[in-house]
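Colleague: Sequence:
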Amino acid sequence: MVANKLLTLVFVREPTRILLGLKKRGFGMGRWNGFGGKVETGETIIQAALRELQEESGLKAKNLQEVGLLKFEFVGDPQLLEVHVFTSSEYEGKPTESSEMKPQWYDIDSIPFDKMWPDDKWWFPLLLKGSKFSGYFLFEGHDDVLNYTLEEVDSLN
1 MVANKLLTLV
11 FVREPTRILL
21 GLKKRGFGMG
31 RWNGFGGKVE
41 TGETIIQAAL
51 RELQEESGLK
61 AKNLQEVGLL
71 KFEFVGDPQL
81 LEVHVFTSSE
91 YEGKPTESSE
101 MKPQWYDIDS
111 IPFDKMWPDD
121 KWWFPLLLKG
131 SKFSGYFLFE
141 GHDDVLNYTL
151 EEVDSLN
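Note that UniProt numbering numbers the sequence shown so that position 93 is 93, with each residue one more than the last.
No wet-lab data here; the hints were simulated from the structure.
Any given hint could turn out to be false.
Mimicking DSS-like on lysine-lysine, the simulated pairs with C-alpha atoms at most 25 angstroms apart in a straight line are [unchecked claim]:
(1) 102 <-> 62
(2) 129 <-> 24
(3) 38 <-> 71
(4) 60 <-> 23
(5) 102 <-> 121
(6) 62 <-> 129
(7) 24 <-> 60
(8) 115 <-> 23
(9) 60 <-> 132
(10) 121 <-> 24
(11) 60 <-> 38
Just so it is clear, the structure is predicted and the values come from calculations on it, not from any experiment.
Can you make the complete structure from the sequences, with help from the hints?
Modeller: Right, dumping it as structure tokens:
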């Protein structure tokens, strides 16, 4: 591994549904996911999460909570992706389509796992039940998980 690339991922929740965005371009195009992206120079991980959510969905999170830390390795790529996962149940604004993401609410029991990243089926249930979690996923290409570890944790520190 050369270096970690810091990324954020934010999921806006209501009691019976969750907001996902259809990625319209770039890495992950065509998949439903949360809202997020790279941590820019000079900003904290939380600042990046708030900025990316607003840029991609038009929403301002009011109670951002870090719930997960996921690391992704792709065979043949020396960079490890370190993704800080957040949820928010309080927000301002209305979900609005951006050049990068098309937001849509999904009922908790109708999440489109077949149109999401393959690793989501393992850690997403932990997010939905309010657990904190830490995991590592080794991918070959973008569709095949070769190996993974995942655990519920008391704290992400």
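Colleague: With reference to the structure, classify each hint as holding or not holding.
Modeller: Checked hints:
no., hint, verdict
1, 102 <-> 62, "holds, 21 angstroms"
2, 129 <-> 24, "violated, 28 angstroms"
3, 38 <-> 71, "holds, 14 angstroms"
4, 60 <-> 23, "holds, 19 angstroms"
5, 102 <-> 121, "holds, 21 angstroms"
6, 62 <-> 129, "holds, 20 angstroms"
7, 24 <-> 60, "holds, 21 angstroms"
8, 115 <-> 23, "holds, 11 angstroms"
9, 60 <-> 132, "holds, 22 angstroms"
10, 121 <-> 24, "holds, 21 angstroms"
11, 60 <-> 38, "holds, 18 angstroms"
Comparing the model with each numbered hint stated earlier shows that hint 2 is the single one that does not hold.
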